[in-house]
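Chains as they are written, first to last, in our numbering: chain G, 1364 to 1867; chain F, 55 to 386; chain U, 1222 to 1516; chain A, 3 to 335.
In case anyone wonders, no lab produced these hints; they're calculated from the structure.
Yeah, the Cβ is synthetic: ideal placement off N, Cα and C, and Gly gets one too.
One or more of the hints may lead you astray.
Here are the simulated lysine to aspartate or glutamate pairs, EDC-like style, with alpha carbons at most 20 angstroms apart [said to hold, decoys possible]: (1) U:K1402 - U:E1392; (2) U:K1436 - F:E96; (3) U:K1301 - A:D303.
The following label-pair restraints were derived from C-beta to C-beta distances [to be verified]: (4) A:P107 - F:F174: 32 to 40 angstroms; (5) U:G1509 - F:V357: 39 to 47 angstroms; (6) F:D102 - U:A1460: 24 to 32 angstroms.
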Amino acid sequence: MTDKTPALRLENIVKTFPGVRALDGVSFEVLPGEVHALMGENGAGKSTLMKVLGGIHQPNEGRILVGEEPVVMANPLDAKAKGIVFIHQELSLAEELTVAENIYLGELPRKSFGRVDWKTLHARTDEILAQLKVGFDARTVVGTLSIANQQMVEIARALTVDAKAVIFDEPTASLTDAEKVVLFEVIEDLKRQGVGIIYISHRMEEIFRITDRISVLRDGQYRGTLVTAETDEDEVTQLMIGRSLDLSRNESHAELGDVAVEVRGLSCGDLYRDVSFEIRRGEVVGFYGLVGAGRTEIAETLFGLREPSFGQILLDGEEVRLHSPADAIARGISLVPEDRKGQGLVLGMNCRDNMTLPQVDDLKAGPFVAEGAEVAIFDQYRDRLDIRTPGWRQLVGNLSGGNQQKIVIGKWLSMHPTLLIVDEPTRGIDVGSKSEIHKLVRDLAAQGYAVMVISSEMPEVLHVSDRIVAMYHGELIRSFTSDEVTEDNLIQAISGIRPDEKAA
Amino acid sequence: MQSRPAARTGGLTGAKVGTFLARQGILIAFVLFMVGFTVANERFLEPDNILGVIRSSAILGVMALGVTFVVISGNLDLSVGSLMSFSTIVVLDLHDKLGPALAIPAMFAMTLAIGAVIGFLVGYLRLNSLIVTLGMLSAIHGLTLTYSGGQNMDIADKEGTWFSVFGQGEALGIPVPILIFAALAALLGIVLAKTPFGRKVYAVGGNGTAATFSGIRRARVVFSCYLVSAFCVATAGLIQASRSMGSQNTVGQGMELEVLAAVILGGASLMGGSGTIFKTVIGVLILGFIQNGLLLIGLEFYVQYVVTWIIIILAVWLDVAAKRGRLLSPIA
Amino acid sequence: QEYRIGITQNNVGVDSYQTTYEKAFIAAAEANDMVETVVLDAGGDVARQIAQMEDLIQQEVDAIIIWPTNGEAVIPAVRKAFQADIPVIVTNSNIAKQGFDFVASFSGPDNITQGARSAEIMCDRFKEMGIEDEAQIVQISGQPGYTTAIERAKGFEDRLPEVCPNVTLMETQPGDWNREKSQQVMEAFLVKYDDIDGVYAGDDNMGVGALNAAKAAGRAGDIVFVGATNFAVGYEAMANGDYWGSIYQSPVDDAEAALQTAIDVLEGKDVPFLNYFDTPKITQENMGDFSKPVF
Amino acid sequence: MAPGQLSTFLKRGAIWGFIVLELIFFSIAGEFMSLSEKAFMNWDNMLLLLKQSAPLGIIAMGMTLIMVNGNIDLSVGATFALAAIVLLDSMTWPFMAAMGDWAIPFAWMFALLTGVALGAINGFIVWKTGVDAFIVTLGAMLGFRGLVFMYNGEQPTSHLNWTLVDFAEAQFLGLHTATWFLLLVTAAMWWLMNRTVHGRNAYAIGDNREAAVNAGIRVGPHIMINFMIIGFLAALSAVVFYSESGSVNPNDGTLYELWVITAVVLGGTKLTGGSGSIISTFGGVLAIQILRKGLGHIGADTETVNLVIGLILIAVLFLDRQLNVRGKEALRV
Ligand SMILES: Nc1ncnc2c1ncn2[C@@H]1O[C@H](COP(=O)(O)OP(=O)(O)OP(=O)(O)O)[C@@H](O)[C@H]1O
Ligand SMILES: Nc1ncnc2c1ncn2[C@@H]1O[C@H](COP(=O)(O)OP(=O)(O)OP(=O)(O)O)[C@@H](O)[C@H]1O
Ligand SMILES: [Mg+2]
Ligand SMILES: [Mg+2]
């Protein structure tokens, strides 16, 4: 492979931000027709390296070569002109515009007088969408799509141009399995056309499924490149975090306590219907289903964000009416939301203030916020969750995606909730921290908390849950204990096949 | 799991200076203007002049303090000028009817009631604040005219009342309006920076959805910001009334934009979530000293307009450039 | 026979002169069985005033009274009324000469003369004090761009050198008809000039603002304050001996004169083209001859 | 029309519903309170309404573009005044005076160029400094006004040219000249925003500027062009209006920015950018003009006019909110 000219090469890239040396002399290359994984812990510098390549950041040192030729990427336009397509980690879409307009953003086909050539635009878009096997068309307004579908719109951009290289920065973080399959087909296609692909992900199984080589970053430094076929997860993990992972499940079953929360016949418009379940203290219940199954909406109802049209919610056996998250929090419910940027964080605020936001009213010294206590809480959870930041003063918006997620988790853990709801808790989290979060969830249960885990990752659900609830189109299909569940019957359940139907 | 600190750059003094500049861009701009004016006219820095400028900026300044809260919470308040006219007229009218001791609390109550209406519309009903306060600008003007019958209000016996103390009095050689401005700035500065309420104001302005998800009652916070604003306006109206002991119905007209300019000049973002009381005070002083400085140099008022334009843009430019670490905007 | 008369005023809320004018106008119209009125306010905006002229023409009123926001911009609108055979009476401040052909009559004060008279009051006072050869004064003018402000300033500036050639007018700044604004302007003047002997303000509201500033600086006693349009505050300040003189101008007279002129025109009486009503000088010396203004 | 369509139409078109309410109200109230024997909804009166909407309306079309783009322009009133001064003053320049009535098209051109240049200044500053447009144009509102005063001190600038006035007062197919300009501008801006790449990019930039930058749209020049367009339209509004009135006070156009923004927001354009429609803005402009005219028609006094206009603004916003309430099950954030 080394005899080919790389499609792209980055040499000795250094990039510093105030107080942070995000990249420290990193070199990296991708060959035509190769899928090259870029791995590393949260905050290792993966996204930053790609932003340097994409013309969004200017490197302090180092150079970029496209083919043999050194280039300067002064802005995203330059990168685009050089055939580099960047699928961002954070969604980068105009929500009020249609799918077609978003996919061809910046290069809408033109007719005379600067008019948009709608016909061509829609025809081309529908072609791409067909390839991606998605359930919406060119004219759909992006804002009405689920996050997963929005991610597919981002991905569709890779197919619009004659690319030399495509960067996927955690494209699967919010995709379900079916969509991942489509994505991998797309990547195969691109590969066959000789496009170089840079693939960033924290999911080992994907990495081993589709990539050819793996380069690893750690603390902004280049740690080495492995050939995928000749290595294994353990070696990669070693390189990434400097040790092996203990992946064994924490089986320390707490005695199941009383029912902490019970939901009876809950419905909310046509978002979900007649849902009943209970979660005991000391129990982790996993909610699994396809996108749009209505799990997030149930969580939001339990958190006082939606008004149920029918049904009851009982906390510790007592019926409650929750009118706002403030009510829910007062009753010991916490929610780690799905959309960390929009719902979880105030990006322009520092790390500490974000983490203690739900409890500012309780952390008081006289009339003032007790900043010392806040810093103590922050330090405690920074250590526990291994959050990488130069200090609590750093603005959350400047953290890497995974570290942002950890701030959100820390914020709710520090509330010591009775019921902790986590919605896609490890989206974008590196393997080390992920297993740490899984442990935390188990520990919390062991301490007698009730935990509701919503996840679209089957291994995650299987790994952490005592019980798994399968949902399909707003209905609760079946509830499994950890002994009953298998991958097969879980997949059947989330496709809407009930046990009795199967028998028939 | 053991924790490692993130990779850091060493104790670079350059970076520290850069960070300081980024934080204090507006302060530096302020110092530059002061030096410039002092060179142009030696009277500029005389204590009398300095006190005079601060005193006449106090009314604008007090209103800007309240508007800072509103702007940080992610909203606008264009009704402050009109509301200040209302407060002034009301307190002058009630002064002769009830006596100053009752007139002042009565005026505060009425002003706060209007503030509460605005806060309800913007906070609880979630109506767009620009339009609501624009509407209130007009409606309150109508209310003031109805109240006064369109007549000027004057205190009949200007000598025989202690009412003049707020606008014309002095303590320790410092004019009372300055003292009120300073005290209120200190109080509100602490509220904003140090209390849970202040924290919530930043959170609501920075990301209202995330704030709600964190259990903050957003509507209540926004509502309270408008109450703070109304309180400041009432205080400004009191100083105004006491200073001139009489007033026209249009006394505050047009001040809303000046107030907003001062707040923005101080670096508060109109998107909400950023700004501080201290910087707003600097913004107020910059505007006050520009006006005064140009007047001392003897330029026509319209030259002042042009210079104010240039200075506003230069000051804010300096501020944002320092924050992003480069002079020109990165947008292509 | 009933006359329907429409009036479009300049900017009613802006000061109590205009408000009192409106009230007096409505009262006078109500007292007169022969007329019915449509009272409109342009809010200081020419475009709105022109629209109101068009509306009045469209409503086919019998006569239109206009208090122009801009003495020239309204001429085409006045011509439209003229072409529709509706007589137009201009009130308070006149329109420009090109428009005279389309106007039945003007009724109002003579602002140029007012400015000149203020200059005379100021000069006379300086002569009494014996400082007519060294006095230095400042001027605080009305809202920039308004005819009344411009004419008063012009009248003052033209007349002053004729009567007191050695008095220097050091600087002019606008006070926007606003007491507070004027107070700020005066504060800066006081810092800037150690010796100010007189202040001419475009109206008493601003004059009193300047007086307040001077009082706060402890320099009110050295300064002769002269204004125009004697407001109640000015009258009181005069009574206290703080304020020297002004021009007595009654909005009630102004409004009644305008309405009467309109009625006369409609009745086909012979009215003079320029109907100035008298606006005499008022100073501390003769103020007993005048009643305190109601506005 | 299917019921579903009707309800979305109603939701989108709160402003049209409001206009209908206004017309009904003033027609009925006019019967009792107006001096005029003519009905409020008299045909000529409605034509006049369109004409009187032109000065604000023409600028509002540009403001819609600017606001959809995620910016705002507070300097339009001052631009309006400065363009008017150039229009009227240029006709007195010796070489122009020598041309007789042929000077008129040149005067128009000079005025329009002034508007474009002022817009370009704003746009360029926004582009290069990255300072928020609100601040840039708030400064320019003062600065341009200063230029207005510099031009001719506090004196009004006047030049009455009867040919020009006759042209401006003319009616073609029953519509006034100003109405024609308003309709043309509305149509042109509708086309620009819905049919052209530039217009669609304007929506994209306003919706998510970072995404637009990442997608390689040249956001800076784009914004500058939009400011030039609104400068042009502010000047065009001045050309249309001052051709008919022949004199400009240095204060003219003050507060126009607020009225224009009000009209645009009443029409449903988001202040945060990314969404808005020219046709709804047209509705917003009409709604304001009907209100002003109607209150005059029924003889409301100044206090009432101020009070009512203010409250109505808020009421329309409230109405719009009520029509657009999402289902009960919606997220309560
Ligand atoms: N704009 C910025 N200002 C300051 N620091 C920044 C900025 N952008 C990134 N950083 C810092 O640079 C480091 C690398 O961040 P980067 O986003 O590249 O991580 P990553 O490897 O993509 O992590 P993740 O897997 O969580 O996405 C982090 O410490 C982050 O806090
Ligand atoms: N069958 C469906 N097809 C498409 N959209 C649907 C369907 N059912 C519900 N929706 C919409 O999809 C959204 C569901 O969002 P979301 O994807 O967050 O659900 P979820 O079950 O929480 O899935 P996930 O957590 O995996 O993203 C809702 O806004 C709903 O209106
Ligand atoms: Mg990343
Ligand atoms: Mg979900």
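For each hint given before, does the structure comply? Return the numbers of the non-compliant ones in rising order. Hint check: 2, 3, 4 fail, others pass.
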